[in-house]
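Trainee: Those sequence lines, one after another, are chains A and B. Residue 275 in my numbering sits at position 275 of the first sequence, and the numbers go up by one each step. Residue 86 in my numbering sits at position 86 of the second sequence, and the numbers go up by one each step.
Hints may be right or wrong, so weigh each one.
The following label-pair restraints were derived from C-beta to C-beta distances [to be verified]: (1) T8/B - D221/A: 18 to 28 Å; (2) Y266/A - D4/B: 13 to 23 Å; (3) T90/B - S240/A: 48 to 58 Å; (4) E125/B - M1/A: 27 to 37 Å; (5) D4/B - S13/A: 21 to 31 Å; (6) G67/A - G33/B: 31 to 41 Å; (7) G288/A - M3/B: 52 to 62 Å; (8) M1/A - N86/B: 40 to 50 Å; (9) N207/A - G156/B: 48 to 58 Å.
Simulated crosslink set (EDC-like; lysine to aspartate or glutamate; CA at most 20 Å straight-line) [stated by the list, open to error]: (10) K95/B - D69/B; (11) K117/B - D80/A; (12) K2/B - D7/A; (13) K117/B - D72/B; (14) K241/A - E230/A; (15) K2/A - E125/B; (16) K13/B - D56/B; (17) K268/A - D221/A; (18) K90/A - E203/A; (19) K117/B - E82/A; (20) K2/A - E19/A; (21) K29/A - E19/B; (22) K13/B - D83/B; (23) K2/A - D123/B; (24) K2/A - D30/B; (25) K117/B - E230/A.
Where chain A lies over chain B, by a calculated footprint (3+ residues, C-beta under 8 Å) [to be verified]: (26) 18-32; (27) 39-49; (28) 111-124; (29) 139-147.
No wet-lab data here; the hints were simulated from the structure. Cβ atoms here follow ideal geometry from the backbone N, Cα and C, with glycine treated the same way.
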Amino acid sequence: MKPAAFDYIAPNSLEAAAEAIAAANGDGKILAGGQSLMPLLNFRMARPSVIVDLMHIPDMSFIERRGDTVAIGALTRHVDLEFSDLIAQKLPVMAAAMPHVAHLAIRNKGTIGGSLSHADPAAELPMLAVFYGATIKVQGISGRRDILAEDFFVSALTNCLDPDEIVFEIGFPVLTSHAGWAFEEVARRFGDFALASIAVSLEILDNRIVDARVAVMGVADTPRCLREAEKALTGAQGGSKTAARFAEVVRACVSPESDIHVSAEYRKNLIGALAERAFTTAWTRAVGAKP
Amino acid sequence: MKMDIVVTVNGRKYQASIEPRLLLSDFLRDTIGLTGTHVGCEHGVCGACTILVNGDSVRSCLTLAVRADGMDIVTVEGLGTPDHLNALQTEFREKHGLQCGFCTPGMLMTAMDLLRKYPLASDEEIREGLSGNLCRCTGYQNIVAAIRSVVSLRNGSAS
Numbered sequence: 001m002k003p004a005a006f007d008y009i010a011p012n013s014l015e016a017a018a019e020a021i022a023a024a025n026g027d028g029k030i031l032a033g034g035q036s037l038m039p040l041l042n043f044r045m046a047r048p049s050v051i052v053d054l055m056h057i058p059d060m061s062f063i064e065r066r067g068d069t070v071a072i073g074a075l076t077r078h079v080d081l082e083f084s085d086l087i088a089q090k091l092p093v094m095a096a097a098m099p100h101v102a103h104l105a106i107r108n109k110g111t112i113g114g115s116l117s118h119a120d121p122a123a124e125l126p127m128l129a130v131f132y133g134a135t136i137k138v139q140g141i142s143g144r145r146d147i148l149a150e151d152f153f154v155s156a157l158t159n160c161l162d163p164d165e166i167v168f169e170i171g172f173p174v175l176t177s178h179a180g181w182a183f184e185e186v187a188r189r190f191g192d193f194a195l196a197s198i199a200v201s202l203e204i205l206d207n208r209i210v211d212a213r214v215a216v217m218g219v220a221d222t223p224r225c226l227r228e229a230e231k232a233l234t235g236a237q238g239g240s241k242t243a244a245r246f247a248e249v250v251r252a253c254v255s256p257e258s259d260i261h262v263s264a265e266y267r268k269n270l271i272g273a274l275a276e277r278a279f280t281t282a283w284t285r286a287v288g289a290k291p
Numbered sequence: 001m002k003m004d005i006v007v008t009v010n011g012r013k014y015q016a017s018i019e020p021r022l023l024l025s026d027f028l029r030d031t032i033g034l035t036g037t038h039v040g041c042e043h044g045v046c047g048a049c050t051i052l053v054n055g056d057s058v059r060s061c062l063t064l065a066v067r068a069d070g071m072d073i074v075t076v077e078g079l080g081t082p083d084h085l086n087a088l089q090t091e092f093r094e095k096h097g098l099q100c101g102f103c104t105p106g107m108l109m110t111a112m113d114l115l116r117k118y119p120l121a122s123d124e125e126i127r128e129g130l131s132g133n134l135c136r137c138t139g140y141q142n143i144v145a146a147i148r149s150v151v152s153l154r155n156g157s158a159s
C-alpha cells in the first residue's frame, strides 16, 4: 500500500497555500498532520494530483488567551492541547477529552485544524467545537471569513468550506469559571473512535440551573448541540430524578444508526446512560464538590 | 518529481533524493537500509512502524519522508546495542516481553514516549498507552510487566 504519485507543494504563507489549492481545481488535498489523509492516500482511496502541505507556514501552532476566548492555531497538535495549562484551566472539557483522541503517536502529529476539516462524526474536536460554540477562521483566495462550528459540519466527513479555503485558527469561548462540566465517552478500545460521547456544562444560581450546554457525538452524521435537552435542564435542580429525566430527553433527541460496531438501540441506550452520568458529575462540580 | 532531504537518524546524517510520495517507513527500511522499523498495516492502526521524530512517537507509515527533512529521528536501532541494551530493552528481555518480535520495535518506541510523557502509575494507564500497538501473539501481559519494571526502577532511583 503506497500513495499514488502527486505533486508536492509546501508554501510558506497561508495566502500562497490557498492559491495553490485553488489552482489544483478540486484535485488537490491539504496536508496538516496527515493522520486522516495519509491512510486514505496509502489505500489510494484518495488520489489527489497535488498535495499542499501547510507545515512550513509560520505561526500556525499556538494556544493563546484573548479576552474571553482561547485562540488556537490550526496546526496545534492534539498533544499540545492535552498538555496545555491554559486549556486545562480555561477549557476543562477539552482537557478531559484529549486523552480519548486516538493514540499518543497519532496525537503527536494530528492537528486541530485537520481534525475539524476532516469532520469525522465520531471525533472529539469537532464535537468540542460545537459544544463550546467555537468560531472557525478560514482563509480563501478572496480573503478570510469566520464560520460558527454548528454551521461548519454539514454531514459525515463533509464541511462547509469552499475548495480553496483553509482553516487557520479556531476561537473557543471560555465557559464561566464557576460552571460545572463533564465529558463522558465510550469506545470499543481506549483511543478508538467513540461509539457515543456527551459533553455537559451547567451554570447554577441559588441551587438551580440557569444555563446548560449539551453536545453529543457518535449518534448522528455530525456532532450536535441538543437545544431541547439544554432547555429541559434550565430551572431544574440536581438529583437522580433530574438526571434520569435528562437522559430521557437526550435519548429522545437522537436517532443513531446501526453499524458494524453496535446497533442503533445500543447507541441510544448508551448516550442516555452517559447523559445521566455526565449530568451528575457536572452538577457535583457546579456546586463546588469534587466528583 | 524528486526532492532532496537531509535527515538525522540515530545520530547519523543521511542525504537522499526522494519522491514526495515515499513514506518515512519505506525511506528508513529501503532507502537507508534500517530494517528494524517494521511495517504492518500501513494505515496507522497496528503501531509496528512507530519511531521517534524530534522526540515524539509517530507512525512512520503515516508520514511522508519529505516532511522529515531537517528532523532528528530515532529508530529501534538507536536505543541500544546487543551488548548494551537500554533499560527498556533489558526489561523486555527480563520479563519475556517479546515472542515473535514483530511488534517489538513499535512497542519499544511507543513505550519510550509513554515513559517520557506520563507517570504510568497503574497497569491500566500502561495498557491504555499501548492501546494503539497490536501484538498478534497477544503477549501484552509481559510487555506491560516490562514497562512497569522500568517505571519502578525509575521511581526507585528518583527517591
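Trainee: Please go over all the hints and tell whether each is borne out by the structure.
Mentor: Cross-check of the supplied hints:
The hinted window of 18 to 28 Å between T8/B and D221/A is violated, with their beta carbons roughly 44 Å apart. Here the CB-CB span from Y266/A to D4/B is close to 53 Å, at odds with the stated 13 to 23 Å. Taken as a hint, the range 48 to 58 Å holds for the pair T90/B and S240/A, whose Cβ atoms sit roughly 52 Å apart. In this structure the supplied range 27 to 37 Å holds for E125/B paired with M1/A, their Cβ-Cβ distance being about 32 Å.
Distance hint check: the CB atoms of D4/B and S13/A are about 22 Å apart, consistent with the given range 21 to 31 Å. Taking 31 to 41 Å as the suggested C-beta distance range, the pair G67/A and G33/B does not conform, at roughly 54 Å. G288/A and M3/B have their C-beta atoms about 57 Å apart, which keeps the hinted 52 to 62 Å range intact. For the pair M1/A and N86/B, the supplied restraint of 40 to 50 Å is violated, since their beta-carbon distance comes to about 32 Å.
For N207/A and G156/B, the hinted distance range of 48 to 58 Å is satisfied, since their beta carbons lie about 49 Å from each other. Using a Cα cut-off of 20 Å, the hinted pair K95/B and D69/B is violated, with the two alpha carbons roughly 37 Å apart. The suggested pairing of K117/B with D80/A holds, with an alpha-carbon distance near 12 Å, which does not exceed 20 Å. Taken as a hint, the K2/B and D7/A pair is honoured in the structure, with Cα atoms around 10 Å apart against an allowance of 20 Å.
In summary, the hint linking K117/B to D72/B is supported, as the alpha carbons are separated by about 18 Å, within the 20 Å threshold. For the suggested pair K241/A and E230/A, the alpha carbons sit about 16 Å apart, so the restraint of at most 20 Å is met. Of the supplied pair hints, the one linking K2/A and E125/B is violated, its CA atoms being roughly 34 Å apart against a limit of 20 Å. A C-alpha spacing of about 19 Å is found between K13/B and D56/B, which places the hinted pair at or below 20 Å, so the restraint holds.
The hinted pair formed by K268/A and D221/A meets the criterion: a straight-line CA distance of about 14 Å does not exceed 20 Å. About 15 Å separates the Cα atoms of K90/A and E203/A, which keeps this hinted pair within 20 Å; it holds. With a C-alpha separation of about 11 Å, the suggested pair K117/B and E82/A falls inside the 20 Å cut-off, and the hint holds. The straight-line distance between the Cα atoms of K2/A and E19/A is roughly 27 Å, outside the 20 Å bound, and the hint therefore fails.
As the CA atoms of K29/A and E19/B are separated by approximately 17 Å, the hinted pair is consistent with the 20 Å bound. With a C-alpha separation of about 24 Å, the suggested pairing of K13/B with D83/B is violated against the 20 Å cut-off. Simply put, K2/A and D123/B have alpha-carbon atoms about 36 Å apart, too far for the 20 Å limit, and the pair is violated. With a C-alpha separation of about 13 Å, the suggested pairing of K2/A with D30/B holds against the 20 Å cut-off.
Taking the CA atoms of K117/B and E230/A, the gap is near 37 Å; set against the 20 Å cutoff, the hint is violated. Here the stretch 18-32 of chain B counts 5 residues with a CB under 8 Å from a CB of chain A, which clears the bar of 3, and the coverage holds. Note: the stretch 39-49 of chain B has 4 residues with beta-carbon separation from chain A under 8 Å; the three-residue rule is met and the coverage holds. Counting residues of the stretch 111-124 of chain B whose C-beta lies closer than 8 Å to any C-beta of chain A gives 3; at least three are required, and the coverage claim holds.
Only residues whose C-beta sits within less than 8 Å of a C-beta in chain A count toward coverage, and the stretch 139-147 of chain B has 0 of them, not enough to reach three; the restraint is violated.
Checked against the numbered hints above, the structure breaks hints 1, 2, 6, 8, 10, 15, 20, 22, 23, 25, 29 and satisfies the rest.
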